[in-house]
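**Student:** Let chain P serve as the given structure and place chain E with the ligands on it in line with the hints.
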Amino acid sequence: MGFNWNWEFTWEILPKLMHATLNTLMAAGFGYAIAVVLGMVFALAQRTPYWVLTKVVREFIEFIRSTPLILQIFFVYYVGPQFGLKLGPWTAGMIAIGLHYSAYLSEVYRGGLDAVPKGQWEACTALNMSTRDTYWRIVIPQAIPPALAGMGNYLVGIFKDTPMLSVIGVAELMHTANAIGSSSYRYLEPYTLVGIIFLAISLPTAALIRVFEDRVRRKLGLK
Amino acid sequence: MMEDLSNYPLELTGDNVPMVRFLKVTKRYGDLVVLDQLDLDVAEGEMVTIIGPSGSGKTTVLRMLMTLETINEGVIYVDGKPLTHMEKNGKLVPADRKYLRKARSQIGMCFQHFNLFPHMTALENCMEGPVQVLGMKKAEARERAEELLELVGMSDKRDQHPSRLSGGQQQRVAIARALAMRPKVMLFDEVTSALDPEVIGEVTNVIRSLVEKHNLTMLMVTHQMGFAKDISDRVCFFFDGKIEEQGAPEDLFGNPQKERTQQFLSAVKEAD
Ligand SMILES: Nc1ncnc2c1ncn2[C@@H]1O[C@H](COP(=O)(O)OP(=O)(O)O)[C@@H](O)[C@H]1O
Ligand SMILES: [Mg+2]
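Protein chains in written order, with this note's numbering: chain P, 1 to 223; chain E, 1 to 272.
One chain only, chain P, in its complex shape (with noise of 0.2 Å):
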């Protein structure tokens, strides 16, 4: 096998898959965007005195960390038509992979929430403030510094995992360089591509975050 790369080629296929990493960026932010709040919400939810809730959370979360996203994307885009939801691959991609990284940033937010010491909440009530003011103001803020080394990684997680749309159809990269090798019948040219371009977006995104941290401790005033 010779390594024949062509680079006539390789201009020609790149403005497609730069559009397509719009794409991939896009399926990424909106997906966790999702998944921050969604997370958020279920990782109060457990907190409520309603027990029959916080068990359902739960579940749901177990139910999603213990089975593979790819399940889920299929299932949410296949299956959901049967329960009388149809969605189109975007939206059913983008609820499946929100979902999905939801449970996980639940776990990392309950752990910084557990962190908040036991004295601010006691502080909160002798200022009488409110349950939403005592989490809002007080619980949440503490809560999210610690919380934001796990929720980097899961943005490059997410990023990282977006090639499982192209199952069902969503145009990111991995979909983009499946249709241009299948119709040049050249795979090395679009597979090396996407693979730098991840490289190029994954990397920088892990020390920027790691920058953000700091600086987010430092505003806080916990550094």
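One thing to keep in mind: the hints can contain errors.
Said to hold, decoys possible - Only part of the chain E face toward chain P is listed, based on derived beta-carbon distances under 8 Å:
#1 67
#2 105
#3 111
#4 115
#5 178
#6 181
Since the hints were derived computationally from the structure, they do not count as laboratory data.
We put the CB at the ideal spot given by N, CA and C, even for glycine.
**Tutor:** Just chain E with the ligands now, with coordinates in the frame of chain P:
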């Protein structure tokens, strides 16, 4: 089974209504009886100090009054109205969340470990309650917070986060934060115990000035006998969940009647 509270008044009336009244209050953790049928009155403007061996229930008294702990029996009244209970159809029933939020607004507390909000500056710590809870305008809350930080001698550090402050400074901010809510009753739970000896004075001086210049009702737990003797109107010696002996500081420290009080006082004197 619900406790029969028909012997407890719905509210306290008459000439000498105390600011705080514990009426036959019992607190248990499982089988452990921490406070046993406690009766304790604190008059308006009075400074009452609680002393006693570790584990005798001193902190629990304050925590129940701050509604950080529920009680098992009895009723606590603040300013004549029940704190732990509320009236329903002419009967006392355990207070619900809504009632507690109203009732506890009269009480402020300072803790051994300060419990300042670490993500807020000294000033923001003092503005948080007035703005969020009392609904005060920011400018007004700021003015109040600045006055109080001045009072505790922390004006120059108002924009610092707690992590940049010494223990004594943090505790002074915590006192200002509690005062910003204008409580009628202030509780101090061993506020100098976590401090280095050389900064204890800066906190006790603040409390001393509150006693001298403000008509606050105060309940303080401390291990500093000299300080207690100096500033208290009355000292209560706790032993095993009961008030073993109480009286004016001169009497309790100068001429203790009970053997346990004598033993405790001589033990702490030796330790000093
Ligand atoms: N949350 C709790 N659970 C079980 N026991 C407790 C709890 N809080 C306090 N106690 C017990 O109650 C007793 C009185 O405690 P505390 O009021 O803190 O004493 P003090 O402040 O006088 O040292 C101690 O024996 C302590 O171990
Ligand atoms: Mg104590």
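**Student:** Against this structure, judge whether each hint is valid.
**Tutor:** Consistency of the hints with the structure:
For residue 67 of chain E, the shortest C-beta to C-beta distance to chain P is roughly 7 Å, which falls under 8 Å, so the interface hint holds. With a cut of 8 Å, the hint placing residue 105 of chain E at the interface with chain P holds, because the nearest CB-to-CB distance is about 5 Å. A least Cβ separation of about 6 Å between residue 111 of chain E and chain P falls short of the 8 Å threshold, and the interface hint therefore holds. Satisfaction of the interface hint for residue 115 of chain E is found here, the shortest Cβ-Cβ separation to chain P being roughly 4 Å, below the 8 Å cut-off.
Among the interface hints, the one on residue 178 of chain E holds; its C-beta lies about 7 Å from the nearest C-beta in chain P, closer than the 8 Å criterion. A hinted interface residue such as residue 181 of chain E counts as satisfied when its beta carbon comes closer than 8 Å to some beta carbon of chain P; here the least separation is about 6 Å, so the hint holds.
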